[in-house]
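Undergrad: Produce the entire structure from the sequences given, and follow the hints as far as they go.
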Amino acid sequence: MEAGPPEGLGRREELALLALLGEMPGWVRQGELGGFLVRLADGFHDVYERCPALPQGGEEPGALHAARVTLAEAARVALGNGLKMIGETPRERI
Numbered sequence: 001m002e003a004g005p006p007e008g009l010g011r012r013e014e015l016a017l018l019a020l021l022g023e024m025p026g027w028v029r030q031g032e033l034g035g036f037l038v039r040l041a042d043g044f045h046d047v048y049e050r051c052p053a054l055p056q057g058g059e060e061p062g063a064l065h066a067a068r069v070t071l072a073e074a075a076r077v078a079l080g081n082g083l084k085m086i087g088e089t090p091r092e093r094i
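Numbering follows the numbering used here, with no gaps: position 6 of the sequence shown is 6.
Certain hints may be false.
[Unchecked claim] Derived Cβ-Cβ restraints for the label pairs, each shown as a range: (1) G22 <-> H45: 13 to 23 angstroms; (2) E32 <-> P55: 34 to 44 angstroms; (3) G58 <-> R11: 16 to 26 angstroms; (4) E49 <-> G8: 15 to 25 angstroms; (5) D46 <-> P25: 15 to 25 angstroms; (6) P25 <-> E49: 19 to 29 angstroms; (7) R50 <-> E88: 24 to 34 angstroms; (8) G87 <-> G57: 40 to 50 angstroms; (9) E60 <-> G31: 41 to 51 angstroms; (10) E92 <-> H45: 12 to 22 angstroms; (11) G58 <-> T89: 32 to 42 angstroms; (12) E60 <-> Q30: 39 to 49 angstroms.
Hint data in this document are derived by calculation from the structure and do not stem from the laboratory.
Remember, it's a predicted structure, so these values are computed and weren't measured experimentally.
Heads up, the beta-carbon is just placed ideally off N, CA and C, and yes, glycines get one too.
TA: Right under this line is the structure:
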């Protein structure tokens with residue numbers, strides 16, 4: 001399954017995570033990145049728990065699954081970069 005654009009994302013948790021990702025540059029400029037990263041990690045956890053990126057049961061993978069994989073990758077990159085910016089070494093796997 002290839003990563004795709006965020007088409008089809010529409011659940012509350014997904015939209016909240018997208019909004020948080022969009023806020024990151026502002027938090028970086030304000031110098032208050034630590035607390036924001038906690039919120040971002042919480043937002044990712046909500047999506048992970050409630051919006052499966054992998055097909056369930058006999059479900060075929062589709063565009064929604066690809067969009068969720070892309071969203072997870074964006075969160076991984078943002079969290080990793082944010083941790084590096086505050087002097088922490090991100091784990092290999094989040």
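Undergrad: Now, for every hint given, state plainly whether the structure supports it.
TA: Each hint tested on the structure:
1. At about 18 angstroms, the beta-carbon gap between G22 and H45 stays in the expected band of 13 to 23 angstroms.
2. Between E32 and P55 the Cβ separation comes to about 38 angstroms, which falls inside the hinted range of 34 to 44 angstroms.
3. Checked against the hint of 16 to 26 angstroms, the C-beta distance between G58 and R11 comes to roughly 22 angstroms, which is consistent with it.
4. The hinted window of 15 to 25 angstroms between E49 and G8 holds, with their beta carbons roughly 19 angstroms apart.
5. Checked against the given bound of 15 to 25 angstroms, the beta carbons of D46 and P25, roughly 22 angstroms apart, stay inside it.
6. At roughly 27 angstroms, the beta-carbon separation of P25 and E49 lies within the given 19 to 29 angstroms, and the hint holds.
7. Against the hinted window of 24 to 34 angstroms, the Cβ-Cβ separation of R50 and E88 comes to about 27 angstroms, which satisfies the hint.
8. Separation of G87 from G57 is about 43 angstroms and conforms to the stated range, judged on CB atoms against 40 to 50 angstroms.
9. A hinted range of 41 to 51 angstroms holds for the C-beta pair E60 and G31, which are about 46 angstroms apart.
10. Checking the proposed 12 to 22 angstroms range against E92 and H45 shows it holds: the Cβ atoms sit about 18 angstroms from each other.
11. Taking the beta carbon of each, G58 and T89 are about 41 angstroms apart, inside 32 to 42 angstroms as hinted.
12. A hinted range of 39 to 49 angstroms for the beta carbons of E60 and Q30 is consistent with their spacing of about 44 angstroms.
Of the numbered hints listed earlier, not one is contradicted by the structure.
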